[in-house]
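K.L.:
Residue numbers (the working numbering), protein chains in the order written: chain A, 352 to 492; chain B, 352 to 492.
Hints were generated in silico from the structure; no laboratory data involved. Take these hints with a grain of salt, some might be off.
Where chains are identical, the list cannot tell them apart; a pair therefore holds if satisfied intra-copy or between any two copies.
To be verified - Within a straight-line C-alpha distance of at most 27 Å, the following computed DSS-like cross-link-like pairs (lysine-lysine) qualify:
| hint | residue 1 | residue 2 |
| --- | --- | --- |
| 1 | Lys443 | Lys491 |
| 2 | Lys469 | Lys483 |
| 3 | Lys368 | Lys469 |
Protein chains: 2
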Amino acid sequence: MTIHILQKEALTPDIKKQVHDLFKVLNADINQRDIEEVLSQGNEFICACCWEDEKLVGMASLATYKVISGYKGMVEDVVVSEAFRGKGLGRKLMERLLVEGQKLQLSEILLFSGHHRKPAIALYQSLGFNLKDSGLYTLKL
Amino acid sequence: MTIHILQKEALTPDIKKQVHDLFKVLNADINQRDIEEVLSQGNEFICACCWEDEKLVGMASLATYKVISGYKGMVEDVVVSEAFRGKGLGRKLMERLLVEGQKLQLSEILLFSGHHRKPAIALYQSLGFNLKDSGLYTLKL
């Protein structure tokens, strides 16, 4: 099992399909942005991928943005293939994103997680994330 | 009273100082990123500013990022000068950010707000924002 950061130059039709298919495990209904377009942002977007025998079995993304209050990273789209859960892959992916966030000298990393997702929340808290006394509000355009 | 989008080319030492001082009303303790550096990101960052007699009396920012699950905007650093509250400036700033988000064809706009900030939450909900059943977790680096 290896974890590395997905590079735009490494994309092949097969890898693009694997990213697309794995994302569907997380959310089959969403209109996915093309991974090539997303990776075209350069250092502002990092996708950590976990491979097992050339099969993509997990991924997690870190999108960054700079505002007056800091240089922040938002963790998004964390998913592990069903057959590979319970092996600590989610933790390894998150740990890799934290290393990348430190390299970028982010001031803060954010994420949001459904209140019912107890194992994910336990993982995030064990990595040092703290629940903020704030609600997350969204507006679909 | 006029609202416009702050442009990097329009920055003067006076405007930079006004941005810095107004942000302090929101949070006096935070280590602010330089507004010139933040605006250097181009279209990825939008700061709506409200001016009254050449005085900056309110501002609100929209930082954007692209991930597989969408092209998203995060509202950050919304502040109105104390003497100008209760006049609907927060709403006008937010409405302007929503227009900019539509122009960029964002799929979704996110924000988080402290549970105790009742007037702000009422404003966001009246603009169509919905509370998600998710917690926001942060890790300071």
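K.L.:
Taking the hints in turn, state whether each one holds.
P.N.:
Do the hints match the structure? See the list:
1. Taking CA atoms no more than 27 Å apart as the test, Lys443 paired with Lys491 passes between copies only; the shortest distance there is 19 Å, against 32 Å inside one copy.
2. Taking CA atoms no more than 27 Å apart as the test, Lys469 paired with Lys483 passes in both settings, with 16 Å inside one copy and 16 Å between copies.
3. Taking the shortest Cα distances, Lys368 and Lys469 never come within 27 Å of each other, neither inside one copy (30 Å) nor across copies (45 Å).
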